[in-house]
Amino acid sequence: MSGLKSNVIRGFKAAIARSYVRVKGGNREPSWLVWEVFLPLLMISSVVYTYQNLNAPREFVGFVILGGAMMSFWFNVLWGMGSVMYWERERGNLEIFIVTGAPLYGLLLGMALGGMLNTTIRALAIILIGVFVFNAYFNPVGIPGAILIFILTLAALYSLGLSLASIYLMYARSGWRASELLSEPMMFISGMYYPITVFPFLLQLIASLFPLAIGIDGIRRCLVLGSSINSLIWHITMLVIMTVVLLWIGLKILRYMEMRARREGRLILRWI
Amino acid sequence: MDLNRWFRRIYAIMWFSWQELSNWTKPYIFAVYVMVRPLFGLLLYAYIYIAFAITSGLVNPDAAFYLITGIAFYNFIGEGIYGVTWVIHEEREHYSILKYNYISFPNLRDYLLARSLVNYIIGFIVSIIVLIIGFYLVGLGVSYLNPNIPLLLLMYIIGFIWSSFLAVTVSGTSLFSAEYGPLISEAIAGLLFLLGNVLFPTSILPQWLLPLAEVLPMADWMELMRYSLNIGYQVNLLFLLSKLLIKTIIYVIIGIVFFAIADRLARKRGVLEASFHH
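Respectively, the protein sequence lines represent chains P and S. Going by the working numbering, 233 is the number at position 233 of the first sequence; the sequence numbering is gapless. Position in the second sequence (first residue = 1) + 1000 = the working numbering.
If we strip away everything but chain P, and leave its shape as in the complex, we get (with noise of 0.2 Å):
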């Protein structure tokens, strides 16, 4: 067997036997789901009661329980995957895990599979409860094009994982500091809360950069103004770029931070 070959078994293999041990622990404990679920309702809720303050128009409440819904992948992204890396090794871990020879890509993407699942049935579950308690509404017809767009993000979002968890691999609190950085500027240029429109036009440039946005865009379009799917393919070739070249450069930094982390000793510091 090639050596290619053997390396991206052990990867797979290494990916469902994490990916195993992510959905098992985070849904053995049903209060979780609960909390994961109520939680980010707080936020959502009171953005749609600031809405309907202003007596804004109903299509605001879709948009607000979609972006909500689709944030909680990107806290998956950072803290479930990104920091991956932290945890591990303050844990003790990541350096029982570098010992099996599995490469570490196998680890992320079992975080990466095992995360999407868990989050697609919080994600859910905000949706379900802002339709039936706030009476959002959403198209029927654009259930499939929203499909293909959610999947296209997630395979971008969790490619940019991959490079966020190299980075956490060299830096350990400071990584976790960034994560905290990057969660209200990713809520604010993904139009978390209203469609990136809004924006000025090099704030609306700047937000098309990142596949959250791009994501959440398409699917409110889908979803809450009905457009149809061909008239999305902007947003479909964007995010199949971004998923190819995300991809390319998260298994470049990878390996780049493992072969440094390897050579000054970090895989087994802690604390920094």
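Derived by calculation from the structure, the hints in this document are not laboratory data.
Facing chain S, a subset of chain P residues (Cβ under 8 Å, in silico): (1) W35; (2) S46; (3) N53; (4) F188.
Far from chain P, by Cβ distances over 12 Å, these chain S residues were calculated: (5) I1121; (6) I1125; (7) I1129; (8) Y1136; (9) G1141; (10) V1271.
Think of the CB as a built atom: it goes at the ideal place given N, C-alpha and C, for glycine as much as any other residue.
Fit chain S to the supplied structure of chain P, relying on the hints for placement.
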């Protein structure tokens, strides 16, 4: 009581807190780090008003004043509560030093309060900066600034007292759980945001939520903060102030009693040095 000694202790804990918060980077990067989240938080919520104004063509300066002041002053409470509630989780789960700090400071509750002072100072500075930038962002004129400075400062102090003791109560639960402590503290911060007159008046909430909003001091405090910033803002000053003072006293008593019970139970069960490896 030896005040000098007491102040030296508070100073030492504040210095420790400052180091823990900031020594991972250079001071100017830390300053950027402290400002980025609140400023983007401001943009995030201010654009709710801007999005509404753009799509409807309507301008409502009163609503803009409400929104900007709510976001700005929430930073003070949010940052302070975080400063108290994360200490136990962080020191036990991340750094495993809670037991050492427990024996080096006479009282865990006072240690938590002292640790939070730096966060409250940061929250105070951030709230002022966010207020100034927010006013500029939504185009609010100086006519909305007619402050009563002594009242404003008094309200900051009262805000520190009730929110820190609310956070102390929450910290009591953190002693027993690695998972639920931080979750409860996030829930409290979220509830204060939802039920505290931050982005919208509590009067538009569903009836069943109103009693909960009434129990929390946040809504009264926020209205009084708005009044102290602009004395033209309509509130029933004496009624709100007396209500807030009574609630503050109740929260202080609950904080002291609840934490004392939790502390005693935690020592009895030996969980102070038990890491839950969440």
